[in-house]
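One line per chain: the protein sequences are A and B, in this order.
Read left to right, the first sequence gives residues 1 to 327 (the working numbering).
Read left to right, the second sequence gives residues 1001 to 1506 (the working numbering).
FYI, nobody ran anything at the bench for these hints, they're computed from the structure.
Don't take every hint at face value.
Unchecked claim - Okay, the calculated bits of chain B under chain A, using three or more residues with CB under 8 Å as the criterion:
| no. | stretch |
| --- | --- |
| 1 | 1184-1190 |
| 2 | 1449-1460 |
As the list claims (entries may be wrong) - Chain B side only, calculated, beta carbon under 10 Å to chain A, not exhaustive:
| no. | residue |
| --- | --- |
| 3 | V1143 |
| 4 | A1227 |
| 5 | G1296 |
| 6 | G1411 |
| 7 | E1412 |
| 8 | L1416 |
Claimed, not checked - Restricting the straight-line Cα-Cα distance to at most 20 Å, the calculated cross-link-like pairs of lysine to aspartate or glutamate (EDC-like) are:
| no. | chain 1 | residue 1 | chain 2 | residue 2 |
| --- | --- | --- | --- | --- |
| 9 | A | K137 | B | D1144 |
| 10 | A | K247 | A | E90 |
| 11 | A | K186 | B | D1188 |
| 12 | A | K140 | B | D1144 |
| 13 | A | K137 | B | D1140 |
| 14 | A | K153 | B | D1144 |
Built from N, CA and C at the ideal position, the CB exists for glycine as well.
Next come the chains, spelled out residue by residue.
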Amino acid sequence: MRTRALLSPLAAAVVVLLVPPLITTGSGTSGGTNIPGLRFMVPNTPGGGYDITARTAAKNAEDAGLNHNIEVFNLPGAGGTVGLSRLVNERGNGKLAMSMGLGVVGAVHTNHAPSTLADATPIARLTEEPDIVVVPKNSKYKTFDQLLADWKKKPGALPVGGGSSAGGPDHLAPMLMARAAGIEPKSVNYVPFDGGGELLASVLGGKVKFGVSGLGEYRDQIESGELRLLAVTGPERVRGFDAPTLKESGLEVEFTNWRGLMAPPGLSETQRDKLIRLVRALRHSKEWKESLRTNGWDDAWLPGEKYGRFLKSEDERVDTVLKELGR
Amino acid sequence: MDVMLSASSLIDGFGTALTPLNLLWAATGVLLGTAIGVLPGIGPAMAVALLLPVTYGLDPTAAFIMFAGIYYGGMFGGSTTSILLNTPGESAAVIAAIEGNPMAKSGRGSQALAAAAVGHFAGGMIGTTLLVVLAPTVADLAVDIGAPDYFAIMVLAFIAVTSVLGSSRVRGFASLLIGLTIGLVGLDQMTGQQRLTFGSLQLSDGIDVVIVAVGLFAIGEALWVAAHLRRGGQGAIPVGRPWLGRDELRRTWKPWLRGPVIGFPFGAIPAGGAEIPTFLSYITEKRLSKNKHEFGKGAIEGVAGPESAASASAAGTLVSMLTLGLPTTAVAAVMLAAFQQYGIQPGPLLFEREPELVWGLIASLFVGMVMLLVLNLPLAPVWSKLLRVPRPYLYAGILFFAAVGAYAVGGEAIDLVILLIIGLIGLMMRRYGLPVLPAIIGVILGPNAEQQLRRALQISDGHVTGLVDTPFAVTVYAIIVVLLAWPWLKRLLPGARRRERVEDGG
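Put together the whole structure using the sequences plus the hints.
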């Protein structure tokens, strides 16, 4: 029984590996979404957030029969801006898309990158995940209001840890919170960590007074009671967790860490629409819906021009925060 | 009671690991891991990431058994190129090159490889046993270690650096400063400020320690040899006896056992990693060795200890990843992502939710370790025959593999330029008699120490007392004071004793 369960995916893998070369020369797939030779570029290292998004999307698109064989490759560096430069240099290439997210918006600013997101073609925003405010289980803060009251009094004495460096999502969230609460962003004592993992130890050990990170990374620790979830930064509460949004707590802040796809500049309308059509079909596939569920991502569909406008507003928001911090 | 429970769960785990199919996955993993680890520049993290898609079709237990094989196999393989060709494939194997390569050059390559293989085996076995016994305890302690504690350890490491500065202190410090400067390159994590990047995006992530090590060791060495080839002999490097002799065993068994003591705790704490314990193990062995004069010229203790420490730190890494869901190294981060691909969240509940997976994984670590030893010990004499190649060809090959390795780190052409520049620095350092080791240690320690210091000060909101407000940090500083005062104390102690004796006699 176990053996068969194991062998059948293996056999499937063999089929996947061997069959596409035989059939790619044939007609396109149902709905005409197939883009032969499509490649996804990941601007960070294997295993990172953009990597998982790109690899999941590629695999789901193949499994759903929307596209044969999408190659995923990594070009990490400088918070994603090395990859962005490459994307911008691939002018007119309709067979390339880059997975990216809010982190790249900040990295463009902190790295003074020569190529910005405005230089590339927006395809679609795909997913989003709220950030969360957590304290260890033995913290004296039981509610977000208690924390906020103390934070307003002495921002310097309440170090807040985040899993990203300056300009990254976990840095922006507390800064936006501080601004909405009337705390001078410069006085916020933000301690950057190398990812949510390293931050976790410092939150659990009480080294920082509270932590801001993605929900997905800490789901288990919250369920087991090691961490107390005080608030979520998204527009709505998260199902299964008894924690208010920032708005309910009186802070006019909505913040989600989103991810999406960008294409090179200079695409014809047909090229761009083809990519959007493929991603739209992917979004409606049951494979992608299943992936959203297992990864704890929320659907955040926003295609083409609308996505472009959203990127611009996010860019302005990041710019304002970083300017206020004097960077 | 916990230990008894762990023991019975582990036996169940062996039940899972020893099924023929899972044994096959473990064997596939260690073979792939060794093969990929031997390629310079591709460390275990890259190996696991590249092979991640291969395992999509497997059930999680089989996939993780294979990952564990790749992880440990990559480490075994990584020290092979480090010792033979002076081109470390990952940062944990850098120290092995320092003593291992001189050994290989003097015809003791097989012994160095065997010492490394057994070191990995011993470190891995002891480390994994500690993982079984101590996992919950260590996990609790690990989160108590904060930035001030790390900084105290860094200060200790910097004090220890003085013992590797070589015969000329001035040259040693110059070398250390070169390393610290290279370590500064990149984006400052605290403020996002660019440092020594010259406006290049490619430099803003800093220079990978593997590129620095390969540049200083392999390229610098190859250029140096090329510059002297006409004068020196053109013959091949002698290949000596294939096995470890009795004398060598006598010298290595203690370092093998000491390595895990240093390596395991570092692997388990969140910012520990594998570089610093290998370096500390090296210093320890140098201090304790009776053959101090051999260090730098091929002391087998300097291979055995650090390799054992590296392996044990890998086991330690798994402690915090499995019990806290906290990745402390790049490999652990990739494995964490792999867990999430299967919809499994490592963390406090993992041992309860997925006992078959966790204990099967741990048991397969033991199985994989035995496989690796059986695979690598007979291979040691075979590998070392590689050095029979005449020197001009050998060094051409080294240059080739060094370039491949540097390119593999980030897949960027600019890395090759950086590699060559660092290689030229390495050549100049040899020309003017600057030791290479302090530079490497500067690259490893500098950025770490800076980050922990600034983080500690940030948390305390700028109060210097924040550096000494934990018992752990105070203890470490006390050890430092004793170490610094030791020459003075030593003079005092026997003297005092002699005086007493004189008084007794009189």
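Taking the hints in turn, this is what the structure says about them:
1. Three residues within the 8 Å Cβ limit are the bar, and the stretch 1184-1190 of chain B against chain A gives 3, so the coverage statement holds.
2. Closer than 8 Å: that is the beta-carbon criterion, and the stretch 1449-1460 of chain B has 3 residues meeting it against chain A, so the requirement of 3 holds.
3. Annotation: B/V1143 was flagged as interfacial toward chain A, and the flag holds, the nearest CB pair being 4 Å apart, inside 10 Å.
4. The criterion of a C-beta within 10 Å of any C-beta in chain A is not met by B/A1227, whose closest approach is roughly 34 Å, and the hint is violated.
5. A distance limit of 10 Å between C-beta atoms decides the matter here; for B/G1296 the minimum to chain A is near 33 Å, and the interface restraint is violated.
6. Because the smallest distance between the Cβ of B/G1411 and any Cβ of chain A comes to about 7 Å, under 10 Å, the interface hint for this residue holds.
7. With its C-beta approaching chain A no nearer than about 7 Å, B/E1412 sits inside the 10 Å limit, and its interface hint holds.
8. Annotation: B/L1416 was flagged as interfacial toward chain A, and the flag is violated, the nearest CB pair being 15 Å apart, outside 10 Å.
9. Distance restraint check for A/K137 and B/D1144: the Cα-Cα separation of roughly 14 Å lies within the 20 Å cut-off, and the hinted pair is therefore satisfied.
10. This hinted pair does not check out: A/K247 and A/E90 have alpha carbons roughly 42 Å apart, beyond 20 Å.
11. Distance restraint check for A/K186 and B/D1188: the Cα-Cα separation of roughly 18 Å lies within the 20 Å cut-off, and the hinted pair is therefore satisfied.
12. At roughly 18 Å between alpha-carbon atoms, A/K140 and B/D1144 fall within 20 Å of each other, so this suggested pair holds.
13. A C-alpha spacing of about 14 Å is found between A/K137 and B/D1140, which places the hinted pair at or below 20 Å, so the restraint holds.
14. A threshold of 20 Å between alpha carbons decides the hint, and for A/K153 with B/D1144 the separation of about 27 Å lies outside it, so the pair is violated.
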